[in-house]
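Protein chains: 2
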Amino acid sequence: MEILGASFLGSKAVTAGKAFHAWNPALGKSIDPAFHEASAEDADEALRLAAGAAPELRALSAESRAAFLDQVGESLLELGDALLARAGEETGLPPQRLAGERARTVGQWKLFASLVREGSWVDARIDRGDPARKPAPKPDIRRMLAPIGPVAVFGASNFPLAFSVAGGDTASALAAGNPVVAKAHPGHPGTSELAARAIVEAARRSGMPEGTFSLLQGGGNEIGLSLVKHPLTRAAGFTGSLRGGRALFDAACARPSPIPLHAEMGSINPVFVLPGALRERAEAFAEGLAQSVTLGVGQFCTNPGLVVGLEGEGLDLLRKKLAERIAASPPGVMLHPGIREGYEAGTSRLERTAGVRLEARSEATSEREKNHGAAAFFTTDARTFLARSELSEEVFGPSTLVVRCGSTEELEEIARKLEGSLTATLHGTPEDLAAHRRLVSILEDRVGRLVWNGYPTGVEVGHAVQHGGPYPATTDPRFTSVGTAAILRFARPVCWQDWPEAALPEELRNANPRGILRLVDGERTRAAL
Amino acid sequence: MEILGASFLGSKAVTAGKAFHAWNPALGKSIDPAFHEASAEDADEALRLAAGAAPELRALSAESRAAFLDQVGESLLELGDALLARAGEETGLPPQRLAGERARTVGQWKLFASLVREGSWVDARIDRGDPARKPAPKPDIRRMLAPIGPVAVFGASNFPLAFSVAGGDTASALAAGNPVVAKAHPGHPGTSELAARAIVEAARRSGMPEGTFSLLQGGGNEIGLSLVKHPLTRAAGFTGSLRGGRALFDAACARPSPIPLHAEMGSINPVFVLPGALRERAEAFAEGLAQSVTLGVGQFCTNPGLVVGLEGEGLDLLRKKLAERIAASPPGVMLHPGIREGYEAGTSRLERTAGVRLEARSEATSEREKNHGAAAFFTTDARTFLARSELSEEVFGPSTLVVRCGSTEELEEIARKLEGSLTATLHGTPEDLAAHRRLVSILEDRVGRLVWNGYPTGVEVGHAVQHGGPYPATTDPRFTSVGTAAILRFARPVCWQDWPEAALPEELRNANPRGILRLVDGERTRAAL
Chain A
245 MEILGASFLG SKAVTAGKAF HAWNPALGKS IDPAFHEASA EDADEALRLA AGAAPELRAL
305 SAESRAAFLD QVGESLLELG DALLARAGEE TGLPPQRLAG ERARTVGQWK LFASLVREGS
365 WVDARIDRGD PARKPAPKPD IRRMLAPIGP VAVFGASNFP LAFSVAGGDT ASALAAGNPV
425 VAKAHPGHPG TSELAARAIV EAARRSGMPE GTFSLLQGGG NEIGLSLVKH PLTRAAGFTG
485 SLRGGRALFD AACARPSPIP LHAEMGSINP VFVLPGALRE RAEAFAEGLA QSVTLGVGQF
545 CTNPGLVVGL EGEGLDLLRK KLAERIAASP PGVMLHPGIR EGYEAGTSRL ERTAGVRLEA
605 RSEATSEREK NHGAAAFFTT DARTFLARSE LSEEVFGPST LVVRCGSTEE LEEIARKLEG
665 SLTATLHGTP EDLAAHRRLV SILEDRVGRL VWNGYPTGVE VGHAVQHGGP YPATTDPRFT
725 SVGTAAILRF ARPVCWQDWP EAALPEELRN ANPRGILRLV DGERTRAAL
Chain B
245 MEILGASFLG SKAVTAGKAF HAWNPALGKS IDPAFHEASA EDADEALRLA AGAAPELRAL
305 SAESRAAFLD QVGESLLELG DALLARAGEE TGLPPQRLAG ERARTVGQWK LFASLVREGS
365 WVDARIDRGD PARKPAPKPD IRRMLAPIGP VAVFGASNFP LAFSVAGGDT ASALAAGNPV
425 VAKAHPGHPG TSELAARAIV EAARRSGMPE GTFSLLQGGG NEIGLSLVKH PLTRAAGFTG
485 SLRGGRALFD AACARPSPIP LHAEMGSINP VFVLPGALRE RAEAFAEGLA QSVTLGVGQF
545 CTNPGLVVGL EGEGLDLLRK KLAERIAASP PGVMLHPGIR EGYEAGTSRL ERTAGVRLEA
605 RSEATSEREK NHGAAAFFTT DARTFLARSE LSEEVFGPST LVVRCGSTEE LEEIARKLEG
665 SLTATLHGTP EDLAAHRRLV SILEDRVGRL VWNGYPTGVE VGHAVQHGGP YPATTDPRFT
725 SVGTAAILRF ARPVCWQDWP EAALPEELRN ANPRGILRLV DGERTRAAL
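As you go down the protein sequences, you meet chains A and B in turn. Using the numbering used here, you'd call the opening residue of the first sequence number 245 and step up by one each time. Using the numbering used here, you'd call the opening residue of the second sequence number 245 and step up by one each time.
Hints in this document: simulated from the structure, not taken from any laboratory. A virtual CB, placed ideally from N, CA and C, is assigned to each residue, including glycine. A couple of the hints might just be wrong.
[Stated by the list, open to error] No farther apart than 27 Å at their CA atoms in a straight line, the calculated lysine-lysine pairs in the DSS-like style are these:
| # | chain 1 | residue 1 | chain 2 | residue 2 |
| --- | --- | --- | --- | --- |
| 1 | A | K565 | A | K256 |
| 2 | A | K565 | A | K262 |
| 3 | B | K661 | A | K473 |
| 4 | B | K382 | A | K382 |
| 5 | A | K661 | B | K473 |
| 6 | A | K378 | B | K354 |
| 7 | B | K262 | B | K564 |
| 8 | B | K473 | B | K256 |
| 9 | B | K473 | A | K473 |
| 10 | B | K382 | A | K354 |
| 11 | B | K273 | B | K661 |
[Unchecked claim] Which bits of chain A does chain B cover? Going by a derived footprint, with three or more residues having C-beta under 8 Å, they are:
| # | region |
| --- | --- |
| 12 | 250-259 |
| 13 | 760-769 |
With the hints as extra help, turn the sequences into a complete structure.
Next comes the structure, spelled out in structure tokens:
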């Protein structure tokens, strides 16, 4: 399958603009063909098309929208091995991982299709009127969630399928009924092009209006800022670095007419290993932790970058076992040279910090020309950790820092000092949990997901998952970027007062033709009125 | 009932700081006793108390929280006529209006109590695990909405009860389980103190932790900015001017750790009167419009500031009737001299604009020493309106601008040009509605509430109402500040993965002891697992 090197303004492939190439990190060389940086004019054109498509998209039946989402899943599968091959070249990620990620990506589209088809997600509410009410008649008011308008999506580098052009942000924004303008991550422009072609093809087959989806290629910050600042953009989703996310967030807030920008950014994902777990299964814990730290060469936003436990025999055993496992882990190809350099800078900073000790590093030769990142494991004590705020910053890659505490109070003090994270994990026995209620309460206030006796890597796509947390994990902890609730980022309530029934959306008509669950006069029911 | 002139740091009354007085707008004189501006140190103390109370509040049973909310309603009623008398002195609002507003305010507390007692608002979701899943076991994940943390509330001047210290923002934030630090509007400090005393007393009777609620008095911007910038503040609600709301929003976004700030600000609330309505009932429409424009001396955020219709006989009749009614309407006391001055500046600006004509003004003598605002009614044509963007700015007070259009296309062009509003209203026949689908579609994209053959003033407190809209109506159109859904501003999802059942919140336990509606493996059910 030939790569065109294109952006897509609606269904039209565009190959003008400054050229750039994708990079193969494992081979250390660039990949043909050339891509072309989209311009501010391209962003404007994409958003005009999107705004033009918006009313038509909003008026579509739920079934038409669901069929389109299903079709995107099919079109992605139709790309076949070409998609996985190109993604592998551009990211260094192994075939098995990419096959799994594709399954997850296709599953996301199917899940959103089923959510839209079932339909109750619109949170329909009806308060019936009462013309006889005194002193004034009570109006009939009916409310449901409606699309927010054109959404800009910024793909992540570390999941070229599941969190990129055809990832959860695009799927949830389209599921809510919005047009999408996606900005491709420059780390995998070819993968992005293929994903975009699948979406464009699915839109064509499903009869979606022109402008439902566009893709802009480019490496600089300007094109992203153009998208966020454009008056027709109504919301945006971003997954990536704290610096990049914050810059876009600031631009979104500073607009004459501010818009929500959902950025999912860095996270240290603390793991607290409690006394019972250290006593009963320090080695097994170390084994699982090493796997979680090195999974995908540590390039997960849920990578466990911090481990906290009480010093003693158990922690010594954990440390010994973890050192063995980290030393034995093979170095892996990182996504691109910038990520590797950032990782090396982060581990060097830890290594140079007084009071921090490098306990182990992957012993296999790490080959820089293959863009290898070597796993590493550091220790420090609570006093040092509490004194140096830079130690609680995320190091993106396969490293972790174990903090030895002298008391439960120190565990709590560390928890209290942590910034927002996507996850916090506890390992322990039921007795541990009962004895550490205050620690749990502190952590509940700082994260979106709490994990018991597991590891934070591996994020389920479902209804109940919360992938989000207080800043800097995300810019708004009231939303998730994974799972069906992600759709709520891109919808807003509209209510109709005393509106003629025939002109209401299906979801709000008396007969409830879609059979959705509604809140009628305070009662949840699928019944007709 | 003696007014202390106090702020409240938790239950402690504080009367230090620079003195200021309330103002009686109808008598043009200040009211005793002196109040005292809270300091940044007071804000810090209030937020420390709030943060201290937060974990205990979060751990309370829903029933305890509901009982507290009910008790606030009772305590407000126990203030008796003293509350209404003081509110009347400070705002110039008539007794009957204030009695109605108190009923609405007490009703809000009761409604949130019932919402919390029923419990399904937490949107509990359970995805059950599957240890046998390949390649990796599927974890058990359970999610619900949890309190966001300490909330700052900024009361509005125009509803001293329903949108102020004991208004919907405070009620919804406490209902979600958060502590609240309220900033009193300097226009009604005594009313604010009384409302705060009711909340503090209710907290005491219900055994709420110290710091559940605090009140800060003061007139300047500094104390408000201290509250929004304080690291312990997690969210804020504001009702007031565009300038004030935007300044707080900018401060909230610029924090090292940004927080959501929900500001409900200006709104022009356009009314489109379609050909059938002009033909059949132009006079009746004018009658209702005049009432809506002058209700509460026009000091409603849903005041209809713009009327758009096709020129012709019907519109001439409307204009004639509206002129009569506006001329005959008595001037009313405005909330404070600043509001009156702003209103006079706004109507003077309209009067001076070329192409805008003053059609009528209240003929009764308006007495400036009584802070009277005189109703006014202007007309212009579509061309002038479209050429001058200042004509679509809100004039806060009892005035409206009628725009004559020459064609349906001009109606649509005006709709397209409008910024976000809380409401849009259409008057017409069923045939009109069918013939103006595109106009309706444009308006649906710009407002939160659409009204058919009614008037936008009068906002129902219920489940289905949407009181919010695209900027500048609010800073985030995905939320409402009125009705039970207002609670969603102040809650965030937390999920627990493979968590021991006994340590889960009641809402997520297998037995579903609270009997709430939950989403279990994608099915909505009240059944136990």
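We went through each hint and held it up to the structure:
no.: 1; hint: K565(A) x K256(A); verdict: violated (56 Å)
no.: 2; hint: K565(A) x K262(A); verdict: violated (51 Å)
no.: 3; hint: K661(B) x K473(A); verdict: holds (19 Å)
no.: 4; hint: K382(B) x K382(A); verdict: violated (49 Å)
no.: 5; hint: K661(A) x K473(B); verdict: holds (19 Å)
no.: 6; hint: K378(A) x K354(B); verdict: holds (20 Å)
no.: 7; hint: K262(B) x K564(B); verdict: violated (52 Å)
no.: 8; hint: K473(B) x K256(B); verdict: holds (23 Å)
no.: 9; hint: K473(B) x K473(A); verdict: holds (25 Å)
no.: 10; hint: K382(B) x K354(A); verdict: holds (19 Å)
no.: 11; hint: K273(B) x K661(B); verdict: violated (43 Å)
no.: 12; hint: 250-259; verdict: violated (count 0)
no.: 13; hint: 760-769; verdict: holds (count 5)
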